[in-house]
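Participant: This is what each chain is made of:
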Amino acid sequence: MTRLVVVGNGMAGMACVEAILKYAPRFDITVFGDETHVNYNRVLLSAVLAGEKAAEDIVINPLEWYQRNDIRLHVGVRIVDADPGAKTVTGDDGSVTPYDALLLATGSSAWMPRIEGLDKDGVLAFRTLDDTRELIRRANPATKAVVIGGGLLGLEAARGLQVQGCHVTVVHLMPTLMERQLDPDGGAYLMGKMEELGIRVLLGRTTVAVLGNGHVEGVALSDDSCLEADLVVVAAGIRPNVDLAHKAGVAVNRGIVVNDHMETSSPDVFAVGECAEHRGVCYGLVAPLFEQGKVLAATITGNKGPTYTGTVQAAKLKIMGVNVFSAGDWSEQNAEPVRYEDRALGIYKKLTLRDGKLAGAILVGDISDSHRYMEWLRAGADLTDQRRHLLFPPPASDAGLDVAEMADSATVCGCVGVTKGAIISAIHDRGVNTLSQLKEATRASTGCGSCSGLCQDLLRAVAPEFEEEVKKVICGCLPFAEDRLRDILRSQRLKSVQEVLEIYGNGHGCEVCKPALSYMLDMLWCGDHDEDRSARFINDRVHANIQKDGTFSVVPRIHGGVTSPAQLRRIADVADKYHVPMVKITGSQRIDLLGVKKEDLPKIWADLDMPSGQAYTKGVRMVKTCVGTDFCRFGTQDSTAIGIALERRFEQLYTPHKVKMAAVGCPRNCAEATVKDIGLVGQEGGWQVVVGGAAGKSVRKADLLTTVETSEEALEASELFFQYYRESANYLERTYDFVERLGIEKVRKETVYAPEAVRQGLRDRFSRSKAHAVDPWLEGREPRHPTQFIPIQSLEKVRA
Amino acid sequence: MNGHRWVRVTPCDSIPLREGRLVTLAGRDIAIFNLGDRFMATDNRCPHNGGPLCDGIVAGDSVVCPLHAWKFKLETGAVERPSSKDECLATYPTRIEDGIVLLGLPEESVP
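Residue numbers (numbering that gives the first Met the number 0), protein chains in the order written: chain A, 0 to 799; chain B, 0 to 110.
Calculated directly from the structure, the hints in this document are not laboratory data.
Do not take every clue at face value.
Said to hold, decoys possible - Derived lysine to aspartate or glutamate pairs resembling EDC-like cross-links, with alpha carbons at most 20 Å apart:
#1 Lys-796/A with Asp-28/B
#2 Lys-796/A with Glu-79/B
#3 Lys-547/A with Glu-107/B
#4 Lys-596/A with Glu-106/B
#5 Lys-796/A with Glu-106/B
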């Protein structure tokens with residue numbers, strides 16, 4: 000068996016090994032990696048730093064993959080020497096390993112410019128998973144961070160650190176951000192976007208020294224100014240790792256020189272990825288290494304034939320809300336530029352054409368057409384017929400049209416190199432119906448993920464039983480599915496509605512997304528968010544239910560529906576005093592005072608001296624009870640006591656939609672607990688906790704969540720479900736739709752039958768929210784704003 | 000063309016950002032909105048069913064009636080939703096002087 004030794008356990012090396020395995024060769028493979036991890040997606044480190052992904056999420060080849068393919072993996076071992084004469088490599092652990100074929104996939108390292116003081120504690124690179132973890136550990140709120148370098152990596156690091164709470168300044172040597180990808184105008188648009196995010200950018204300055212006594216305290220710049228800093232990240236570029244190749248006597252320029260078959264100057268030594276130099280170019284992006292890996296796999300397995308002829312360079316900035324794409328040669332020399340810009344929207348597009356073909360593209364602010372341009376570049380398409388539609392495609396009559404027009408050879412996933420044809424055969428031959436299955440079958444959309452939309456379009460057009468995995472977005476202002484949005488708000492630590500709309504939405508929002516966001520922020524931060532009443536429906540601005548004539552209804556809380564003569568007298572007095580036009584007993588065992596003027600609300604609340612029943616909001620309404628054991632001759636459980644306890648436990652908390660509850664003392668169900676969002680049904684020896692019932696537009700019998708013995712257990716089970724619903728349901732989704740959608744088995748598994756740590760998490764977040772909850776009617780005494788309840792009195796009187 | 004009589008109405012900070020408030024001038028109920036960079040004023044009554052627009056959610060430079068979600072452009076008073084309707088709200092010019100919002104009433108409505 001041929002012994003193949005791979006030096007480097009990164010994306011390039013393992014992509015090549017995956018390609019080699021497809022040839023089913025008789026190879027004995029050993030992999031050395033100096034990092035202590037399995038192969039992960041380095042492109043997504045910025046997403047880990049920004050909290051959008053966990054370290055586990057970016058693993059490409061888990062340990063089982065190495066085992067399954069009989070690959071010996073040595074992590075944490077650096078190969079320090081290679082001897083092509085003896086055909087051995089030597090590790091820093093002293094091990095000597097013989098090979099028949101040697102694959103160098105050593106990648107590159109962060110380039111450290113010559114700056115005084117780079118050895119101080121607090122100076123880090125941003126290149127590996129360990130770097131990323133160390134950055135997360137050190138990036139605390141209010142940490143002052145300086146990022147040296149305003150290229151792709153520097154900007155992604157800057158945003159990640161900012162999300163972690165740091166105050167970030169980017170110092171960039173050149174007068175343009177990302178100058179290798181952007182022209183000065185594009186760079187200016189990008190700079191505007193970064194500054195809108197709150198990241199300071201200093202251009203045309205070099206860092207001359209890192210200051211501090213042992214630990215970083217600041218940096219000195221070439222303009223004689225100084226910046227305070229607790230953390231310095233060097234992202235000034237990368238250099239191919241060529242030391243080993245050098246020692247092995249392999250030809251090296253900037254990188255390890257390879258020919259079109261990916262062979263080096265030394266027989267049986269090959270190189271792939273960032274460490275390789277092909278036709279004078281060292282690539283630092285992900286797409287070329289997959290293409291190189293495929294060619295090399297053919298060469299190495301004795302199927303020499305395919306050649307690598309270079310890759311059109313393309314780059315996307317991976318910062319949510321900041322869209323930047325650049326590809327090809329966008330310089331205007333000997334080219335015809337075509338431009339579009341809109342300062343207000345922050346959109347800049349430039350294409351360059353040579354001989355009627357696309358030479359390069361820059362997109363800032365809107366990169367929705369990047370795929371089209373990439374395809375034109377790859378194919379060298381003649382654009383004579385499309386000159387009028389270069390920047391704006393003619394409107395497609397249906398969504399499938401674009402994909403239908405693509406050639407089978409056209410690349411859909413640029414990272415992994417998957418063509419439309421390959422996707423279609425996977426759909427037909429392997430019964431692929433969902434995006435996850437497609438990822439599994441072809442690896443398409445597993446790199447940067449930006450082709451997922453196109454993959455979905457293809458699935459929709461071709462797969463017989465296509466299942467949409469993308470959920471409905473909230474509204475046009477904020478084009479995200481709700482679970483995705485919750486992840487974003489959490490990871491980006493966003494606490495105000497307006498901030499979310501400005502970064503991820505259209506800047507102003509509407510009556511659909513604003514209340515939804517208000518709810519999510521309140522729930523996610525357990526009440527510790529920036530409350531913005533302008534984003535609330537009127538009911539939640541004045542804590543009463545608006546009626547058809549613009550007056551309001553007032554429903555005080557009567558826990559469990561149990562009242563007293565004194566309370567009833569007070570309610571009657573208030574109704575008299577304010578000439579309340581209608582007093583009504585509600586279906587929820589409460590009393591509704593209808594037809595109250597907005598300006599009278601604070602006075603009525605004060606006179607009632609009762610808490611709000613919150614009959615106007617998406618929140619905890621009431622617990623309806625029967626008389627239970629106190630008087631009823633059939634009662635088996637004390638339903639009034641548990642009902643009151645349940646109402647007190649959950650009151651003043653907000654929910655995706657209203658939550659109506661009931662507790663009954665026996666299965667006769669007099670208070671209709673089996674058609675409530677949460678119901679407690681007493682029986683001999685215990686309680687049934689039922690959830691997801693409805694008796695509104697539709698009628699649905701609640702599902703049994705669990706059966707327990709004691710009242711406290713019943714309350715605890717209810718609490719787990721209640722908090723789970725708050726966290727996982729979509730806004731305006733009642734429990735009966737939520738439970739129906741998930742299925743009671745899943746609900747049980749994630750609440751009462753969840754591992755203790757999960758249940759504890761639900762309980763903790765519930766308690767934190769509860770600690771922030773207050774009776775909203777207290778605002779009657781101390782309004783949030785002087786005119787919260789009263790109309791404006793004009794300074795100048797004008798008579799009619 | 001008729002001129003306007005400018006009325007000093009209220010300090011800017013008595014209307015919170017992106018909210019509306021009701022003011023009654025010369026017998027007209029008028030909703031004034033604070034859009035941050037400017038104030039806008041329209042009739043308060045929704046032409047559909049009389050809902051109070053001052054209590055609506057402001058969506059950019061539009062307002063949404065709290066009763067049945069009719070949506071109006073604050074600049075022109077035109078109905079945005081439902082799109083089939085061509086009712087129009089009266090609008091009033093505003094300006095700011097020394098931190099006070101002034102509202103222009105049509106001359107003929109002021110004695």
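Participant: Below or equal to 20 Å on CA atoms is what counts here, so check Lys-547/A against Glu-107/B.
Facilitator: Violated. Lys-547/A to Glu-107/B sits at ~32 Å, over the 20 Å cutoff.
Participant: Hint check: Lys-796/A vs Asp-28/B, CA-CA at most 20 Å. Holds or violated?
Facilitator: holds, 14 Å
Participant: Verify the proposed pairing of Lys-796/A with Glu-79/B, using a straight-line Cα cut of 20 Å.
Facilitator: Roughly 33 Å between the alpha carbons, so the hint for Lys-796/A and Glu-79/B is violated.
Participant: Starting from Lys-596/A, check that the Cα of Glu-106/B is at most 20 Å away, please.
Facilitator: The given pair, whose Cα atoms are some 32 Å apart, is violated under the 20 Å limit.
Participant: With a cut-off of 20 Å on the C-alpha distance, tell me whether Lys-796/A and Glu-106/B pass.
Facilitator: holds, 15 Å
Against the hints set out earlier in the document, violations occur for numbers 2, 3 and 4.
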